Amino acid sequence: MNGLVIDDVSMIFTLPDGGEVHALQNVSLHLEPGELMAVLGPSGCGKTTLLNIIAGFLAPTAGQVHLNGRQVTGPHKERGMVFQQGALFEWMTAAENVGFGPRMGGATRAEIAAKVGHLLDVVALREFADEPVYRLSGGMQQRVALARCLANDPDVILMDEPLGALDALTREKMQGLVLKLWKDTGKTIVLITHSVEEALFLGERLVVMAPRPGRIHKAFALPFADQGVEGDTRAIKIQPDFIATREEILTMIWEMEEEIMGGGNTG
Amino acid sequence: MADRKQPSKLAVWLGVADNPFTRQKTVKFGDASAVNSGRLWSVATVAALLFAWWAVTRWGLLDPIFWPPLDGGLYPWDNPARARPGVVDRFASLVVEGYRNVPLWEHVWTSVRRVLLGVLCGALAGIPLGFAMGLNSVARGLLDPVVEFIRPIPPLALIPLVILWLGIDEAAKTFLLFLAALFIMLIAARAGVSSVRISKVHAAYSLGASKPQVLRYVILPNALPEIFTGLRTSMGVCWGTLVAAELVAADQGVGSMMMVAKNFLQTDVVVIGIILIGVIGFTIEMLMRALEVWLIPWKGKG
Ligand SMILES: Nc1ncnc2c1ncn2[C@@H]1O[C@H](COP(=O)(O)OP(=O)(O)O)[C@@H](O)[C@H]1O
Ligand SMILES: [Mg+2]
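Protein chains in written order, with numbering that gives the first Met the number 0: chain R, 0 to 266; chain P, 0 to 301.
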């Protein structure tokens, strides 16, 4: 089967004291190539764990992940990752960070320079090419991280709250950039967020997860990402449709938490 | 606001006036960053110490056997047996003529060279071992008992054994300093490996890096700040260890110069030695800090 297939994945962490954490329970998903899926859920519901399993950093307790028919057994450059922050190499310049993947793959200097130059243009950081990354602002650093990921031309891009540490304004601009890159490159993207608005705006599909045990609570198909590619970010976010869906999902999450809390109290 | 008088640069440097940063703070007691340099008092301390030295010389308050005169000409007595050249003159003659046929700079260089060689050898062995311990469980298991056992032993305690094995020549001193630096470097390198953020390693693997590439391009540069701190510590510890070793047995070096001088009751040479040791130790520390800023500008910025 083509695309990214997550097949009945469960993850149980065993704690040093012998206790167990059911981080994921029977999660199944299928992404066609080029789909953008947003994953939303309260903290601790297993979002990062799911992404780490897809990336190949963790082996699931049960179930499997396949990409384009091949089973995922470890990290590979076909699955790129954008972390929340702190994953850039601070001993390198912006350009060296972006060129890291091709360089490790044995590309020639000229190839690397061409690719890096192009990608820095895409994320509008040309003039910061030779700055060490620690001198760049948070938003610029995340743009470097995006460019670094794209430099390897991965089939799937995994993003773990990539905009979570940014201020609201920068975040809004970055959302536009993510949409644009998605449309221009046609990559399959899994994007984790805990912002309902971001999930609605960016996700072609939206999966809402519930905690303890981490599982898929509800899945939606959304129209806004396609509009966002064309239209104006602000305009979309104040559409009655957008607001209604946002309220619906917020209510659902509230109810979900209530249910869990209530269950915890009586149980 | 324009009528607020700006203190002079000198006053700010001396710390008698608030600098532009501390000036805007109203809460100062309890805020360590709002405390001025107080350099005026540093100047006063140095001046007071020099004056005290001058005074005890001038008034003949101290027996020169215990503390040398600052300058022989100041001495109140005419007794030539007790009149000594004074530290300033002695220092000049040490620089020009040397001590016991060895120029002063050669004593200093001998000591510094021993430290550099010891630290170099210790780093060359300690860094790979520390990396092995940080990255591989067999290496960690094998080395851990040795490291944990030797770590709390002060290097000076090894001097008798090293003398038994290697005598008192150059090899013995290098070996002693090597041991002192080895464990510091090993522990620093291991800490550097452990300090890597897992997301950086994950990012590198996701970008297609192989294990050797992760080691070379992620683990190593990430560990450099800790390794450098280790180098600085080793330099300091080795400097102290070496001087002690030279006091025990050596024919050259600052420590041996002091030991010989002691036998001839040349307190001035002993005191000059002490001051030199302090100045060189301080200089090494400052050079290492400057080198660190220059070589590892990303330190603490991850
Ligand atoms: N390595 C681990 N060992 C034990 N428990 C873990 C580990 N990683 C995550 N967990 C637990 O699994 C649950 C899900 O964590 P995570 O995937 O990080 O959630 P999220 O990213 O949605 O906030 C949490 O309860 C967390 O404490
Ligand atoms: Mg998380």
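It is possible that part of the hints are untrue.
Stated by the list, open to error - Here are the computed lysine-lysine pairs in the DSS-like style, where the Cα-Cα straight-line distance is at most 30 Å:
no., chain 1, residue 1, chain 2, residue 2
1, P, K27, R, K114
2, P, K261, R, K114
3, P, K199, P, K261
4, R, K179, P, K199
5, P, K199, R, K172
6, R, K76, P, K199
7, R, K76, P, K298
8, P, K300, R, K114
9, P, K27, R, K76
10, R, K186, P, K298
11, R, K114, R, K182
12, R, K114, P, K210
To be verified - Here are a few chain R residues that sit away from chain P, every Cβ distance over 12 Å (derived from the structure):
no., residue
13, L14
14, A58
15, H75
16, A86
17, T107
18, A109
19, E126
20, Y133
21, M139
22, L165
23, M173
24, T184
25, E246
Claimed, not checked - A few chain P residues facing chain R, derived, Cβ under 7 Å:
no., residue
26, N100
27, L206
28, G207
29, A208
30, G301
If you're looking for bench data, these hints aren't it; they were derived computationally from the structure. Note that this is a predicted model, so its numbers are computed, not measured. Quick reminder that beta carbons are idealized off the backbone N, C-alpha and C, glycines included.
Going through the hints against the structure:
As the CA atoms of K27(P) and K114(R) are separated by approximately 53 Å, the hinted pair breaks the 30 Å bound. The hinted pair formed by K261(P) and K114(R) fails the criterion: a straight-line CA distance of about 70 Å is larger than 30 Å. A distance of roughly 57 Å separates the Cα atoms of K199(P) and K261(P); the hinted pair therefore is violated under the 30 Å criterion. Our distance criterion of 30 Å between C-alpha atoms is met by K179(R) and K199(P), whose separation comes to about 26 Å.
A threshold of 30 Å between alpha carbons decides the hint, and for K199(P) with K172(R) the separation of about 25 Å falls inside it, so the pair holds. At roughly 15 Å between alpha-carbon atoms, K76(R) and K199(P) fall within 30 Å of each other, so this suggested pair holds. For the proposed pair K76(R) and K298(P), the alpha carbon gap of about 29 Å is at most 30 Å, so the pair holds. The straight-line distance between the Cα atoms of K300(P) and K114(R) is roughly 27 Å, inside the 30 Å bound, and the hint therefore holds.
With a CA separation close to 54 Å, the supplied pair K27(P) and K76(R) exceeds the 30 Å bound. Taken as a hint, the K186(R) and K298(P) pair is broken in the structure, with Cα atoms around 35 Å apart against an allowance of 30 Å. Of the supplied pair hints, the one linking K114(R) and K182(R) holds, its CA atoms being roughly 19 Å apart against a limit of 30 Å. Our distance criterion of 30 Å between C-alpha atoms is met by K114(R) and K210(P), whose separation comes to about 24 Å.
Residue placement check: L14(R) keeps its beta carbon more than 12 Å from all beta carbons of chain P (closest about 18 Å). Against chain P, the non-interface label of A58(R) holds: every CB pair exceeds 12 Å, the least being about 14 Å. With a least beta-carbon separation of about 7 Å from chain P, H75(R) fails to lie farther than 12 Å from that chain, contradicting its non-interface assignment. Not every beta carbon of chain P lies more than 12 Å from that of A86(R), the smallest distance being close to 4 Å; the non-interface claim is violated.
No beta-carbon of chain P is positioned within 12 Å of the beta-carbon of T107(R); the least distance is around 16 Å. No beta-carbon of chain P comes within 12 Å of the beta-carbon of A109(R); the shortest separation is about 19 Å. Taking the minimum C-beta to C-beta distance to chain P, about 20 Å, the non-interface status of E126(R) holds against the 12 Å cut. Residue-level check failed: Y133(R) sits 4 Å from the nearest beta carbon of chain P, not beyond 12 Å.
Consistency note on M139(R): stated as away from chain P, and its beta-carbon is indeed over 12 Å from all of that chain's, at 14 Å minimum. Non-interface status of L165(R) relative to chain P is upheld: no Cβ of that chain comes within 12 Å, the nearest being about 17 Å off. Against chain P, the non-interface label of M173(R) holds: every CB pair exceeds 12 Å, the least being about 18 Å. Here T184(R) stays apart from chain P, with its beta-carbon at least about 17 Å from theirs, past the 12 Å limit.
Once the 12 Å rule is applied to beta carbons, E246(R) is consistent with being away from chain P; the minimum gap is 34 Å. Evaluation of the N100(P) hint against chain R yields a violated restraint, the C-beta minimum of about 50 Å exceeding 7 Å. The beta carbon of L206(P) comes within 4 Å of a beta carbon in chain R, closer than 7 Å, and the hint placing it at the interface holds. Annotation: G207(P) was flagged as interfacial toward chain R, and the flag holds, the nearest CB pair being 4 Å apart, inside 7 Å.
A hinted interface residue such as A208(P) counts as satisfied when its beta carbon comes closer than 7 Å to some beta carbon of chain R; here the least separation is about 4 Å, so the hint holds. For G301(P), the shortest C-beta to C-beta distance to chain R is roughly 5 Å, which falls under 7 Å, so the interface hint holds.
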